[in-house]
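Participant: Sequence:
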Amino acid sequence: MKDPDRLNRILQDQPYIEGFENPSAADFTAKSAISLSDLRGREHLERWFHHLDTFEMSAETAVLSTENLPQQILDFLGTADEFNSIQLAQKWSIDHQKLIGGIKSILTNDGVLATKDVSEKRFELTGEGIQMADEGSHEFRVYEFIGDDGVAQADVMKQPFGKIGVAKAMAAKWVQMDKSTGKVKRQAGEVVDTANDPHISKPDNPIGLKP
Numbered sequence: 387m388k389d390p391d392r393l394n395r396i397l398q399d400q401p402y403i404e405g406f407e408n409p410s411a412a413d414f415t416a417k418s419a420i421s422l423s424d425l426r427g428r429e430h431l432e433r434w435f436h437h438l439d440t441f442e443m444s445a446e447t448a449v450l451s452t453e454n455l456p457q458q459i460l461d462f463l464g465t466a467d468e469f470n471s472i473q474l475a476q477k478w479s480i481d482h483q484k485l486i487g488g489i490k491s492i493l494t495n496d497g498v499l500a501t502k503d504v505s506e507k508r509f510e511l512t513g514e515g516i517q518m519a520d521e522g523s524h525e526f527r528v529y530e531f532i533g534d535d536g537v538a539q540a541d542v543m544k545q546p547f548g549k550i551g552v553a554k555a556m557a558a559k560w561v562q563m564d565k566s567t568g569k570v571k572r573q574a575g576e577v578v579d580t581a582n583d584p585h586i587s588k589p590d591n592p593i594g595l596k597p
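Last residue of the sequence shown: 597 (the working numbering), numbering continuous.
These are calculated hints, taken from the structure and not from any lab test. Check each hint, because a few of them may be wrong.
[What the hints assert, rightly or not] Calculated cross-link-like contacts (lysine-lysine; reagent style BS3-like; alpha-carbon spacing at most 27 Å):
#, residue 1, residue 2
1, Lys-544, Lys-502
2, Lys-569, Lys-554
3, Lys-554, Lys-544
4, Lys-569, Lys-549
5, Lys-559, Lys-549
6, Lys-571, Lys-554
7, Lys-477, Lys-502
8, Lys-544, Lys-565
9, Lys-544, Lys-559
10, Lys-565, Lys-554
[Said to hold, decoys possible] For each label pair, taking beta carbons as the anchor points, the in silico distance ranges come out as:
#, residue 1, residue 2, range
11, Phe-509, Asn-454, 43 to 51 Å
12, Asp-534, Lys-507, 24 to 32 Å
13, Asp-520, Arg-392, 33 to 41 Å
14, Thr-512, Phe-441, 46 to 54 Å
15, Thr-580, Asn-470, 26 to 34 Å
16, Glu-506, His-437, 52 to 60 Å
17, Asn-454, Gly-497, 35 to 43 Å
18, Val-498, His-437, 14 to 22 Å
19, Glu-514, Ser-423, 45 to 53 Å
20, Val-504, Asn-454, 43 to 51 Å
21, Asp-467, Glu-576, 37 to 45 Å
22, Val-504, Ser-423, 57 to 65 Å
23, Thr-580, Ser-505, 24 to 32 Å
Just so it is clear, CB atoms sit at the ideal spot from N, CA and C, and this is done for glycine as well.
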């Protein structure tokens, strides 16, 4: 729905386009086609527009919003000259490939839409990397595990981080082998583990890096 006057009249009697209970896909789709200039002098439209900012599209709404993607995309382009498909898919809470499908559907009509391919590299932690970011590097976990009194080498090696951790901790001069007791003991009084850095990005907040 691109007619702001008509939409303002609808919203005079109800909070959302399709009724009273909750915003639907129709609300979010219509909102994407409304510009801030359309709000001037339209009290009900302005109230509805800013109210929707407090919502995020639910999974159910996101599914509904994929039913007529080509038209939604065209409506969105009525308020924006261009868009990045990855960013728009995130904004609409839909699968990126579904959005691409909608774009390709529009492209079957010559002269309606122009696209260009761009490449983007993203670096994300592996499962092991996530564990290291949460719990520390293998060498740090060895350092913590042996404590001030040291631990028998055999017991350290039984740990999932033991083999790699001992080797790296010894190379960093964090720990040492006490041949007289067979224990792995601390060599450094204090260590800093850069792997357990709070600034390291996790999958729920990935950092996109462009080459």
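Participant: Among all the numbered hints in the text so far, which are the ones the structure does not match?
Facilitator: 1, 11, 12, 13, 14, 16, 17, 18, 20, 21, 22
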